[in-house]
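Sequences listed follow chains V and B, in order. Going by the numbering used here, 184 is the number at position 184 of the first sequence; the sequence numbering is gapless. Going by the numbering used here, 148 is the number at position 148 of the second sequence; the sequence numbering is gapless.
Hints may contain errors.
As the list claims (entries may be wrong) - Below, computed lysine-lysine pairings styled on DSBU-like, alpha-carbon distance capped at 35 Å:
#, chain 1, residue 1, chain 2, residue 2
1, V, 544, B, 279
2, V, 613, B, 112
3, B, 255, V, 2
4, V, 149, V, 448
5, B, 25, V, 548
6, B, 70, B, 108
7, V, 149, B, 112
8, B, 129, V, 544
9, B, 279, B, 255
10, B, 279, V, 613
11, V, 149, B, 108
12, B, 108, B, 129
13, V, 78, B, 108
14, V, 544, V, 250
15, V, 2, V, 613
16, B, 25, V, 613
The hints are simulated quantities; they were obtained by calculation from the structure and are not laboratory data.
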Amino acid sequence: MKRTTGLWLLIGLFGYAVLPWYALKRGFWSFEWVSQFGQQISASALFQVLNFGRFWLAPAGVALLVAAVLLTMNNPVKRSRWTALAALVGLIMTALQGLIIVRGGPQAFGDFFAFGGMENGQLGFGAGAFVLLLSLLFVLTTAISGMGKGRGDAFVVGLIGLIIALVGVFVFFPVVHILIRAFETPDGFSLTAFLPRLFSSDIWGLGCLSGTSCGPGINSVVLAILTGATSTALGLSFALIFTRTDFRAKKLLRLLTVIPIVTPPFVIGLALILLFGRTGAVTGLFADLFDVEKTRWIYGFDGVFLAQVLSFTPIAFLVLIGVVEGVSPSMEEASQTLNANRWQTFRYVSLPLMRPGLANAFLLGFIESLADFGNPLVLGGNFDVLSTEIYFSIVGTVADASGTAILSIALLMLTLGAFIIQRQWVGKKSYATVTGKGDSGRHSALSKGVKTACYATALPWAAFTAVVYSMIIFGSFVKLWGYNNSFTFDHYIRAFGIKHTAHGWRFSGVAWDSYFTTLTISSIAAPLTALLGLATAYLLVRQKFAGKNIFEFSTMLSFAIPGTVIGVSYILAFNFPPIELTGTSIILIIVFVFRNMPVGVRGGIAAMSQLDKSLDEASITLGANSFTTVRRVITPLLGPAILAALTYSFVRAITSVSAVIFLVSAKHNMATSFIVGRVENGEFGIAIAYSAVLIVTMITVIVLLQLLIGRRKLRASDRVET
Amino acid sequence: MNLNTPGSVVFENVVKKYGEVTALKALNLTVEPGTLVTLLGPSGCGKTTTLRLIAGLEAATSGKVIIGGKDVTHLSATYRAVSMVFQSYALFPHMTVRQNVAYGLTVKGMNKREAAGSADAGLEMVGLKGFGDRLPSELSGGQQQRVAVARAIVLEPEVLLLDEPLSNLDAKLRRHVREEIRQIQQELGLTAVYVTHDQEEAMAVSDRIIVMRNAEIAQEGNPHDLYERPNSAFIADFIGDANLVDCEVISTSDKGAEVAISGQQLLIPNEFNHKGNAKLVLRPHHIQLSDGGEGFEGNITYAAYLGNQVQYTIDGALGPLFVITDITSNPFSTGQNVRISFDPRKARLVAG
Ligand SMILES: Nc1ncnc2c1ncn2[C@@H]1O[C@H](COP(=O)(O)OP(=O)(O)OP(=O)(O)O)[C@@H](O)[C@H]1O
Ligand SMILES: [Mg+2]
Chain V
1 MKRTTGLWLL IGLFGYAVLP WYALKRGFWS FEWVSQFGQQ ISASALFQVL
51 NFGRFWLAPA GVALLVAAVL LTMNNPVKRS RWTALAALVG LIMTALQGLI
101 IVRGGPQAFG DFFAFGGMEN GQLGFGAGAF VLLLSLLFVL TTAISGMGKG
151 RGDAFVVGLI GLIIALVGVF VFFPVVHILI RAFETPDGFS LTAFLPRLFS
201 SDIWGLGCLS GTSCGPGINS VVLAILTGAT STALGLSFAL IFTRTDFRAK
251 KLLRLLTVIP IVTPPFVIGL ALILLFGRTG AVTGLFADLF DVEKTRWIYG
301 FDGVFLAQVL SFTPIAFLVL IGVVEGVSPS MEEASQTLNA NRWQTFRYVS
351 LPLMRPGLAN AFLLGFIESL ADFGNPLVLG GNFDVLSTEI YFSIVGTVAD
401 ASGTAILSIA LLMLTLGAFI IQRQWVGKKS YATVTGKGDS GRHSALSKGV
451 KTACYATALP WAAFTAVVYS MIIFGSFVKL WGYNNSFTFD HYIRAFGIKH
501 TAHGWRFSGV AWDSYFTTLT ISSIAAPLTA LLGLATAYLL VRQKFAGKNI
551 FEFSTMLSFA IPGTVIGVSY ILAFNFPPIE LTGTSIILII VFVFRNMPVG
601 VRGGIAAMSQ LDKSLDEASI TLGANSFTTV RRVITPLLGP AILAALTYSF
651 VRAITSVSAV IFLVSAKHNM ATSFIVGRVE NGEFGIAIAY SAVLIVTMIT
701 VIVLLQLLIG RRKLRASDRV ET
Chain B
1 MNLNTPGSVV FENVVKKYGE VTALKALNLT VEPGTLVTLL GPSGCGKTTT
51 LRLIAGLEAA TSGKVIIGGK DVTHLSATYR AVSMVFQSYA LFPHMTVRQN
101 VAYGLTVKGM NKREAAGSAD AGLEMVGLKG FGDRLPSELS GGQQQRVAVA
151 RAIVLEPEVL LLDEPLSNLD AKLRRHVREE IRQIQQELGL TAVYVTHDQE
201 EAMAVSDRII VMRNAEIAQE GNPHDLYERP NSAFIADFIG DANLVDCEVI
251 STSDKGAEVA ISGQQLLIPN EFNHKGNAKL VLRPHHIQLS DGGEGFEGNI
301 TYAAYLGNQV QYTIDGALGP LFVITDITSN PFSTGQNVRI SFDPRKARLV
351 AG
C-alpha cells in the first residue's frame with residue numbers, strides 16, 4: 001500500500017514540478033516546452049506558483065507534500081484516512097480553480113472571485129494538470145482501500161474511482177453544462193424563464209391539427225411512436241418466421257440483422273432518395289406509366305418514417321428473436337395438452353409471455369427514432385424534429401446556445417423517460433423462462449392465420465430492404481442519377497483516386513483525408529471503449545461496493561443521451577478552459593468512447609455472468625491480486641465478448657454521425673460528416689460511393705478481427721482433440 | 001495451546017451481515033494449528049460464510065479475524081496465507097493441469113520451471129503423476145477434485161479451506177477421497193477447515209467438529225464427545241440417530257439427576273441443573289429388548305432384517321423408538337410384545 005502511494009506521489013510530483021501545467025498551442029508531443037522551459041506558457045505548476053504568482057495552483061502541491069509526509073506515519077488506518085483527506089482536498093481545490101478562473105464560458109462564480117490576476121483567466125489543463133489529477137485520484141483511491149473499503153483491494157477501488165471520474169467529467173459535466181445554459185437569458189440567468197421556454201408552443205405546438213405545422217417536439221414523439229410500433233410489429237413477424245417456421249432462407253434473414261450494423265444511418269435515406277426522389281427510379285417509372293406528376297413526397301414525415309422503419313426493424317428483429325425463443329416450450333406444450341389449438345396457444349400463452357419483450361423492443365425503437373439524426377437531416381424537408389432542430393439552431397446564422405440547450409433538454413427528457421421506463425418497468429417484468437434445466441420440448445408451430453400474416457408482412461419488407469440496399473451499389477456507379485444514367489467509375493476516382501506524380505504516388509482523391517482520420521480515430525477509440533466497457537462490467541458483476549446501483553445507472557446513461565445532445569454538450573463544455581478540447585482529435589476519440597461504452601458494458605455483463613465466480617475467488621485465494629486475476633483468468637476466458645465489444649465500438653465509431661458532426665474540424669474531418677456535406681451539396685454520387693467503401697471497409701475489418709482473435713480459441717480446442 | 005504459532009485461526013466476536021440478513025451472530029472460534037476442524041450444520045447456517053471470512057473473500061461486519069497470531073481482519077484474500085478448495089473445483093479451463101497447480105506459485109513470482117517442478121510434485125502427492133499436460137475438461141470429476149487439492153497445497157498455506165469438497169462425487173469415491181485428504185493433511189501437518197453437511201463425513205475426518213445452527217455455534221468438540229455428550233436435542237438428533245424420550249427431572253445432585261419416565265424413577269448420572277421437562281437421548285443400539293422381565297412395555301410395529309443387524313420400530317411406554325440390535329439372539333417379529341431397558345450411564349439428558 002505504501003509502495004503504491006509512493007509511486008503515485010512520484011508521478012504526481014513529476015506532473016506538478018516538471019510537465020507544463022497548461023495546454024500548449026503546438027501540442028505536448030512537439031516537445032517545444034522542453035526548450036522553452038521556464039517561460040510562463042509552458043511552465044510547470046510549481047514554477048507558476050513560485051515565479052508567476054499563480055498561488056491558486058499551490059493546494060495541489062501541498063496535497064502531494066502532505067501525503068508524502070504522511071507516509072512516515074505508522075498506524076495504517078489513520079495514515080490512510082489522512083492521506084485520503086489530503087488528496088481529496090487537493091483534487092477539489094485544483095478542479096475548482098480550473099472552473100472558476102476562466103476567460104469564457106459560464107462564469108457562475110466570476111463576480112464572487114474577481115480579484116487580482118483573475119481577469120486574464122488561464123489556459124486549459126495540460127499534460128502536467130492531467131498527470132497530477134490522475135495521481136491524486138489514485139492516491140485517494142489507494143488510501144480509501146487502505147481504510148478497509150472494497151475488501152482492501154487497491155486495484156478495484158482505483159478502477160471504481162477512475163471510472164467514476166471519467167464518467168463524471170465526460171458524461172455528467174457536459175450534460176450539466178447544457179442545464180446551466182438552458183437557464184441563460186440575454187440578461188443573465190433566470191430560473192423563471194426556463195419552464196415556459198421548455199414547454200413553449202415553439203416546441204410542442206399542435207399547429208398541424210389546424211393546417212400549419214406542429215412543433216418539433218410533437219413531430220419527434222409522433223414519429224417515434226409510429227416507428228417504434230411499426231418496427232416492433234415487423235420485427236415480430238421476422239422473429240416468428242425465424243424461430244417458429246421451417247422457412248428455407250433463414251440464413252438470408254440473419255444477414256438482414258447484420259447489414260444495418262455496418263450501415264451509416266443516413267445511407268438508407270440516400271437510397272430512398274434514389275428510389276423515390278424527384279429524379280428517383282420508382283418516381284420516374286410511375287410518372288411514365290400512370291402519367292402522375294413527379295413530387296417531392298419523400299421529403300418529410302413519410303420519408304423519414306420509411307427510412308427509420310427500414311433502419312430499426314432489424315434491431316427489433318434481433319431483440320425479439322431472443323424474446324420468442326425465451327418462451328419455454330413446455331408452457332406451450334402444457335397449453336396444447338390442455339386442448340388449446342395453435343391459435344389459442346399463441347394468443348393466450350405465447351403472446352402474453354412475450355409482452356415485456358415486445359414493450360422492450362418498442363421502447364428501443366422509440367429511443368432510436370428520437371435520437372436518429374442522419375435520416376431526418378437527409379429526408380426531413382420541412383418536417384422538423386428535435387434532433388435536427390438542435391443542429392440547425394447551433395450551426396445557423398445566429399448561434400443560440402441557450403435555445404439549443406432548451407431543445408436538447410426537451411429531447412433528453414423524452415429519451416431519458418423512455419430509458420427509465422424501460423429499465424424500471426420492462427426490465428424487471430421479464431418472463432424469460434430460460435432455466436438451467438435442459439428444456440427439451442419443442443416450440444409449437446404457428447397457426448395458419450398467424451403464419452400467413454407473418455409471411456405477408458415480413459417477406460415484402462425483406463424484398464424492399466434488399467432493393468434499397470442494392471440502390472447503394474447501383475447509385476455509386478451512375479453518372480448523374482435520373483438525368484444521365486450511364487455507367488461510370490468517376491465517383492470512386494474523385495473520392496479515392498491515387499495519382500502518380502513526380503514525387504511518387506499521391507492520394508489525390510477528396511475522401512482520403514477523412515477516410516484515414518476516421519480509421520485512425522476509430523481504431524484508437526475501439527480498444528479504449530472495449531477496455532472501459534469491460535472494466536465497468538467487471539466491477540458490476542464481480543465486485544460489491546456502496547452505490548453500485550447508481551454507478552450502473554450512470555454508466556448506462558450515455559446510452560439514452562442522443563448523439564446530438566452529446567455533441568452539443570461537448571461543444572458547450574469543452575470549448576473553454578479548464579478542459580479545452582474542441583478542434584482536436586482527442587475530443588472525437590472521447591466522444592466515441594463514452595457514447596459506445598454502454599454496449600461494451602452490456603456485452604461484458606452478459607459474458608461475465610456466465611463465468612463461475614469461484615474462478616476469480618480461487619485465483620485470489622491462491623495469492624493473485626485482482627489485477628493478475630483479471631489478466632490471467634478473466635480476460636482469456638472473455639475472448640468472444642472482447643471481440644464483440646471491439647468490433648461493435650469500431651463500427652459504431654465509423655458510422656456515427658450525430659455527435660460527430662458538431663465536433664469535427666477542418667483538420668480532423670470524419671467520413672460521415674464529409675458525406676453529409678456532399679449530400680447537402682447534392683453530390684449524391686460521391687456520397688453513395690463513399691458509403692459503399694465504408695461498408696466494405698467495416699466488413700473487411702470485422703472478418704479480419706474474427707480471424708485474428710477467433711484463431712486462438714481454435715488452437716485450444718485442437719488440443720482437446722489429441 | 002499456542003495460538004500465536006502459524007496455522008491457528010481465531011475469530012473474536014465476528015459478525016457478518018448481508019444487508020438485513022445476519023449470516024453470523026458474534027462468532028467466537030478457535031482452530032488449533034495442525035488440526036482438521038469441520039464446520040457442520042444444516043443448510044444456510046453460515047458455514048460457507050465462516051469459511052469465506054477466513055479466506056478473506058468476505059469482510060467481517062464487525063469483530064476480529066486472527067490467523068497465525070496476526071490480525072488479518074482488513075487484509076485482502078490475496079495476502080493471506082490461506083488456500084481454498086472450492087465445491088465446484090474452480091479449475092481454470094484455459095490452463096493445463098500443471099499450469100493450474102503452478103498458478104499460485106507463478107503469481108508469487110517463482111520462475112516457470114521451478115513452479116512446474118513443484119506442481120508435478122504436488123500432482124504426484126495426490127496420485128495424478130503424468131496428468132500435467134491435460135486440460136481440466138479431460139479429467140474425471142474425482143481427478144479434477146484432486147487437482148484442486150494439489151493446487152491449494154503446493155502453496156504450503158498456513159490454513160487449507162475446503163468447502164464441501166466431495167459433494168460432486170459419487171458415494172463410493174467420496175469415502176476414498178476423504179481418506180486421501182485426511183492423509184495429506186496429517187502428512188503435511190496442515191491446519192484445515194472443512195465444510196460439510198454430511199455428519200458421517202465430519203465424524204470420519206475431523207479432529208474437532210463445530211456444529212452450527214442459525215448463524216451460531218451450537219456445540220463443538222471431538223467426534224466422540226459430540227456423539228456421547230450432546231448438549232441439546234438438536235445436536236443429539238443431528239449427530240447420529242437418536243431417540244428423544246420425554247421425561248421430567250425431579251431433583252438434581254452431584255450424583256446426577258432423578259428423572260421420572262412414564263411412571264418410573266431413574267438416576268441419570270450426568271450433570272443437569274434444570275428441573276421440569278427434559279428429553280432423554282437414547283442411541284438406537286444402547287437399547288436392550290427382551291421378551292420378559294424388567295423394563296418398559298413395548299410392541300414391535302416394524303422389524304427389518306439387514307443381515308448384520310436388525311432394526312426395530314417400537315411403540316410403547318416411551319413413545320416411538322428406533323432400536324438396532326445385533327443378530328446374536330433370536331429376532332423378534334412384528335406385533336410381538338417386548339420389554340425395553342437401557343443402561344442409565346449411556347443415556348443423556350438434554351433440555352426439552
Ligand atoms: N451474498 C449474500 N447475500 C445475502 N445473503 C447471503 C449471501 N450469502 C449468504 N447469504 C445468507 O447467509 C446465510 C448463511 O449462508 P451460507 O452460505 O454461509 O450457508 P451454508 O451454511 O454454507 O449453507 P449450505 O449448506 O446450503 O451451503 C444464509 O441465510 C444465506 O441466505
Ligand atoms: Mg455453503
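So, going through the hints one by one against the coordinates:
A threshold of 35 Å between alpha carbons decides the hint, and for residue 544(V) with residue 279(B) the separation of about 46 Å lies outside it, so the pair is violated. For a cut-off of 35 Å, the pair hint linking residue 613(V) to residue 112(B) stands: about 26 Å separates their Cα positions. At roughly 63 Å between alpha-carbon atoms, residue 255(B) and residue 2(V) are farther apart than 35 Å, so this suggested pair is violated. About 61 Å separates the Cα atoms of residue 149(V) and residue 448(V), which puts this hinted pair outside 35 Å; it is violated.
At most 35 Å may separate the alpha-carbon atoms for a hinted pair to count; residue 25(B) and residue 548(V) meet this at roughly 26 Å. For the given pair, residue 70(B) sits about 21 Å from residue 108(B) by alpha-carbon distance, which is consistent with the 35 Å threshold. A threshold of 35 Å between alpha carbons decides the hint, and for residue 149(V) with residue 112(B) the separation of about 34 Å falls inside it, so the pair holds. The hinted pair formed by residue 129(B) and residue 544(V) fails the criterion: a straight-line CA distance of about 40 Å is larger than 35 Å.
Pair hint residue 279(B) plus residue 255(B) holds up; C-alpha atoms about 18 Å apart against a cutoff of 35 Å. The straight-line distance between the Cα atoms of residue 279(B) and residue 613(V) is roughly 45 Å, outside the 35 Å bound, and the hint therefore fails. Taking the CA atoms of residue 149(V) and residue 108(B), the gap is about 24 Å. The hint holds against a cut of 35 Å. A threshold of 35 Å between alpha carbons decides the hint, and for residue 108(B) with residue 129(B) the separation of about 24 Å falls inside it, so the pair holds.
In summary, the hint linking residue 78(V) to residue 108(B) is supported, as the alpha carbons are separated by about 29 Å, within the 35 Å threshold. Restraint check: the Cα-Cα separation between residue 544(V) and residue 250(V) comes to about 43 Å, which exceeds 35 Å; the hinted pair is violated. Taking the CA atoms of residue 2(V) and residue 613(V), the gap is near 30 Å; set against the 35 Å cutoff, the hint holds. This hinted pair checks out: residue 25(B) and residue 613(V) have alpha carbons roughly 26 Å apart, not beyond 35 Å.
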